[in-house]
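*Asks:* Residue numbers (the numbering used here), protein chains in the order written: chain C, 1 to 662; chain B, 1 to 662.
Hints are supplied without guarantee of correctness; some may be wrong.
Each computed EDC-like pair below joins lysine to aspartate or glutamate, with the alpha-carbon atoms no more than 16 Å apart [to be verified]:
id	chain 1	residue 1	chain 2	residue 2
1	B	9	B	266
2	C	349	B	266
3	B	146	C	59
Negatives, chain C to chain B, calculated, CB over 12 Å [stated by the list, open to error]:
id	residue
4	21
5	90
6	106
7	108
8	113
9	115
10	149
11	310
12	346
13	352
14	491
Worth flagging that the hints you see were computed from the coordinates, not collected in a lab.
Backbone N, C-alpha and C fix where the C-beta goes; we use that ideal spot for every residue, glycine too.
Protein chains: 2
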Amino acid sequence: MEVTKKNFKEVLKTLPKILQSASFIAIDGEFTGLHHNVKPSSYDTPEERYDKLRQGSMDFLLVQFGMCVFKYERENSRYLVHPFNFYVFPRPMTNSRKPDHRFLCQSSSIDFLASFGFDFNKVFRDGIPYLTSIEKDALKEHIKEKHAFFQQESSASQPSPGFLSPAAKKPVEIPPEQKEFVEGVCKQVDEFVKNDKEQTLNLDPCTGFQRKLTFQTVKARHESGLMLTTKAGEKGERYIEVTKATEEDKKLMMQKRLQAELDEVDDAAGFSQVIDLISSTGKPVIAHNMMLDVMHVLQQFSCPLPEDLSEFKELVGCVFPKLIDTKVMAGTQPFKERIPMTGLTELEKTLKCDPFTKPTFVTAPGYPTYCSSNDQSHEAGYDAFITGSCFATMANYLGTFLDPPRGRVSPTCNLIEPFHNKMCLFRVQDLPYLNLSGPDLIPPRDHVFHLTFPAEWRSHDIQHLFSTFGQVFVNWIDQSSAFVCLTNREEASEVMKTIERAPEYTLKTYKEYRRALNNATPEQPMDVAQPSTLGDHAISKTTATKSPFRVPRSLKRPHDASEVRGEDAEVAELTAVGGKKRKPMDPNAPVFVSRRSVSPVDSTSPDNQQPPHTDVPDKDPQDNLQTDAPKDEADSSTTSEIKGSAKEGDESKKLFEEPDTW
Amino acid sequence: MEVTKKNFKEVLKTLPKILQSASFIAIDGEFTGLHHNVKPSSYDTPEERYDKLRQGSMDFLLVQFGMCVFKYERENSRYLVHPFNFYVFPRPMTNSRKPDHRFLCQSSSIDFLASFGFDFNKVFRDGIPYLTSIEKDALKEHIKEKHAFFQQESSASQPSPGFLSPAAKKPVEIPPEQKEFVEGVCKQVDEFVKNDKEQTLNLDPCTGFQRKLTFQTVKARHESGLMLTTKAGEKGERYIEVTKATEEDKKLMMQKRLQAELDEVDDAAGFSQVIDLISSTGKPVIAHNMMLDVMHVLQQFSCPLPEDLSEFKELVGCVFPKLIDTKVMAGTQPFKERIPMTGLTELEKTLKCDPFTKPTFVTAPGYPTYCSSNDQSHEAGYDAFITGSCFATMANYLGTFLDPPRGRVSPTCNLIEPFHNKMCLFRVQDLPYLNLSGPDLIPPRDHVFHLTFPAEWRSHDIQHLFSTFGQVFVNWIDQSSAFVCLTNREEASEVMKTIERAPEYTLKTYKEYRRALNNATPEQPMDVAQPSTLGDHAISKTTATKSPFRVPRSLKRPHDASEVRGEDAEVAELTAVGGKKRKPMDPNAPVFVSRRSVSPVDSTSPDNQQPPHTDVPDKDPQDNLQTDAPKDEADSSTTSEIKGSAKEGDESKKLFEEPDTW
């Protein structure tokens, strides 16, 4: 269902019931752009990636929010779906003309949306406004202060609060060219006062200065009995409404107006209420490659993003206590070896075929039916529907591993728990996800080197420099620097000894590079992979909180797990099968071993020996990483089955990386 | 006429003839926003204003360019008008996906455009692309380099130019999950090769990595006879085209492709060609309050704006050698006292009435007819038409001062010369214009003070502080600083002696404030009004050029004055009446003295004694400034008749400045 400011209020009324009965909620966002200045890299640390997105992507705007609510109907063995496609725009309020946001657009993203028939007029003309709770409070404060000031103005006995008392205001002199205007207004008002029939007179729209003159003159001529109000017409043109009113009436009307202005602010909170509703249900929220979506949703509709990654995790936990990223799922065993490409379109195609079985989805009456033949890709509502359907299909597939197999697996079932609160770190080579419920993995990067070189260098020049070490993966940072990753990890220790130093280029180990970076920006220390006794995967230390970030109280909701889980009887059963509750990625969980033998990928298999290639990341050479970390310190035991999923065709923007002709 | 990418090429063909025969060309732009971070102030210096707009406004986008070409038909005593409304958007090119601009939007500006029915879809889906000549050259260079690289790749004997020679590329190993895909492609290509009828085969769209595998595999299986090309479909999806071709064919096709890619760049120059055409005619270009329009046009379609104001003036002179700002005209005698408000809408209304006479305008066949009853304000094409018609009306009004009076005055007539190349400095209180053809005036600001104060202060607190000196004009800089301008100039010297110092606020003379500012930013010295022997209006010294800005050669055109002026016979006549040619604002010109006595406004008239009021600028207290400057040093002699024109209702954004209720 298309939702704009025109039907938003009606739709909003229906949402609590629909959301409360949901099995899960799939979401998707469309933005006016992706990256500005800072570009994500394949060797970002989680902190670095978060920081890059926060500083380089949040100035773009989420303009379309897709939400598809999936409700499992046990009696019909099918999902009832309610798809929504919200158009959102930070429209300034009529009276205060606030907030007046500046936001960025990226030509290629706009062009991309336009090519898929995106309706920009719906956004800019009819988009639903929104305010974060902080903005809402500030605006209300502002309005109250303004009203208090006016009341004080009329009763001069009260002292000016907190600052010098106002000087007596002299009336503005009427300039000659305005005399005709003012006389016309006086005549009109005088006639209106004599006329007993009319209670209200709307003067013609005029300039701010003319309104000032009107207020001043009319007030002087008619000491009481009239009330003047500036109003805004349809096109924003401002005019004065003159109303007959006693002093008592005036007070009442002032009171009413205050209330009306406060109500306007509540109305202007608009779309943020939808996010509040989703959050309050505590239902599992599903999205595909969700990091940007989640960050935009929080920033625009909840509260400004904190500087610190750990604070961000806390914030996400408050707003969306149960997130599942279908890209992380698709890139993890047992899906990984059955799903060659994890882009949403490709994923959907793959999940239509054996061994997967698509559940039945029925669209609720009165809602638009999406069918996959009618391609509506990149319309947020459609993408949310596809994401949810992919999730349900993958979830059910996990049930086939049980003995006896289960046809349907709910998102709160412990089979799904390993995927809870893990966000895809797009294109990061060796970190499968950002862990929202705990510290992140630190992959070893001893075989990664940082190289700076002349801007004329191309990939093959770098390959040439490293030719002694076989093939390398080149990850460009900018025109004259790149990360270079060896395929033959065991030769890593030879690189610094073998490659000669030359004035044209500088070569650093990843560790040296990180250390230099940390020294350069001491305020934002990056976690460095230490020569660790914990084995290959060390756990990053949570850095001490520096900024005074606090999650706004309004966002802190008690999310009762049992309430959330109550939806299906089968949850309890499956949880029993799965062993310990709420311990994600328990190595003893039977998910991946029962019924079919899905053993971890053999690191000596051809799949893993295949050399990496330049700029089109495919297989991660780090499959099947081992760790000696104590099990309770990390989700290490199943990380061997979770690998980088940056498999989509990476449309390289680097000159010559991906030639159009050969 | 609405012009989008769909009809642009056809319209472009018709433009040279239409523009060549023009009497003048009126233009107008619509932008995605106005100001970011830095806000213009009423006491900006010209350098400061230029700098603020360059840094604070140029990140927004001009998305609609209105152009109305006015041709005077002597035989019919009327103007034939060709109105155009161009939608422009920096669409990335299909092949290179360049340029990929980031641009800003301001919610209130977008909302404003939306409220006037602006069609954003036309901009983003169908906008005409554009490139500056610098971008065009860079893209062509890039394409040539790419092609040279591929040719070198195929003939390995040639050394890599300028950098290390490429290492021998090993083929990428085909991962197991891609084997099926590659086999499918091989089968398809093999069949295509056998089939004599088909010359071209389009493979299915696939990812970048799959294309890499396809190139590699097909090349290995079919050493010659086939040519593979990556192409982009309608929705940007990429696929490979396989064509049968001999080596000779291939070379030819490569050559053709290079040419096609270069041609694509020429095509992508798109809208910039319109600006080139306007520029090449050298015709007078008319706009209303034009500074932002001109800056955006130059920045988007010609070349990046220089840092220095004097370099900007040079650039404008190259692209638009003859500019006329109708807002400057309307705010100058003999119009000033007959035109109370100089906003375009108000101006148009005033010019419909006595003593003005609107000329006859006839729209060219096939072009949309704008009539003022059908309000299309803020559509750029309509605004351009209104601007042009206002100009023609005002120009003709000047003819009524001649003896005998003249019904029509052409824009190149010497009566108009005083208005040439003077741009309105919007809301600057005491500087009537930016002088594009020479140094700027420096108004005395001895009666202006800079005040910082606690953020809680309101206008009346400042007025209270200055209460000894009568009414003051408060010009807010931000929440806690403002310029304060005395109405009673003669008391200026008492201010610093009289107002006590207090820890809450700081008070500086304008001169002290400027000096502090200059010391803070030594790289960008602001011109300070010196205690001058030149009288009240000193001439700013042109600062030495610091940045290595050069106007691109392509923009330097010989604008032959005689060619431009050749249009009307009357020009010569009137020029003869006016005395010296091309000496703007010659005090001896008969324009303002003949037929009716239009003497300079008396500074003691009530019009000038009227006190200024807070934040709604109306009359400039500095009417009738005198100068002792030698006449050949400045356009000083008629400046007494040119005054600030910031008269529109200034919709104050400052809290409490303009209360909605009283």
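*Asks:* Verify the proposed pairing of residue 9/B with residue 266/B, using a straight-line Cα cut of 16 Å.
*Replies:* Holds, because 12 Å separates the two Cα atoms, which is no more than 16 Å.
*Asks:* According to the definition I'm using, a residue is off the interface if its beta carbon is farther than 12 Å from all beta carbons of the partner; does residue 90/C meet that for chain B?
*Replies:* Violated, since 5 Å does not exceed 12 Å.
*Asks:* When you look at the beta carbon of residue 352/C, is every beta carbon of chain B farther off than 12 Å?
*Replies:* Consistent with the label, residue 352/C stays out of reach of chain B, its closest Cβ about 16 Å off (over 12 Å).
*Asks:* Checking a non-interface call: every C-beta of chain B should be farther than 12 Å from the C-beta of residue 21/C. Is that right?
*Replies:* holds (36 Å)
*Asks:* The output says residue 106/C does not contact chain B. Does that hold with a beta carbon cutoff of 12 Å?
*Replies:* violated (5 Å)
*Asks:* For residue 108/C, which was marked as not at the interface, is the minimum beta-carbon distance to chain B over 12 Å?
*Replies:* Violated, since 5 Å does not exceed 12 Å.
*Asks:* Looking at residue 113/C again, its CB stays over 12 Å from all of chain B?
*Replies:* Violated: least Cβ distance 8 Å, not greater than 12 Å.
*Asks:* Taking the minimum C-beta separation from residue 115/C to chain B, is that value above 12 Å?
*Replies:* For residue 115/C, whose nearest Cβ neighbour in chain B is about 5 Å away, the distance does not exceed 12 Å, so it is violated.
*Asks:* Determine whether the non-interface label on residue 310/C survives the test: each CB of chain B must be over 12 Å from its CB.
*Replies:* Holds, since 30 Å exceeds 12 Å.
*Asks:* Would the hint linking residue 146/B and residue 59/C be met if the CA-CA limit is 16 Å?
*Replies:* violated (34 Å)
*Asks:* Quick one: work out the minimum CB distance from residue 149/C to chain B and report holds if it exceeds 12 Å, violated otherwise.
*Replies:* The assertion about residue 149/C is violated, with a minimum of 6 Å to chain B.
*Asks:* Say whether it holds or is violated: residue 346/C keeps its Cβ farther than 12 Å from all Cβ of chain B.
*Replies:* violated (8 Å)
Hints 2, 3, 5, 6, 7, 8, 9, 10 and 12 from the earlier list are contradicted by this structure; the remaining hints agree with it.
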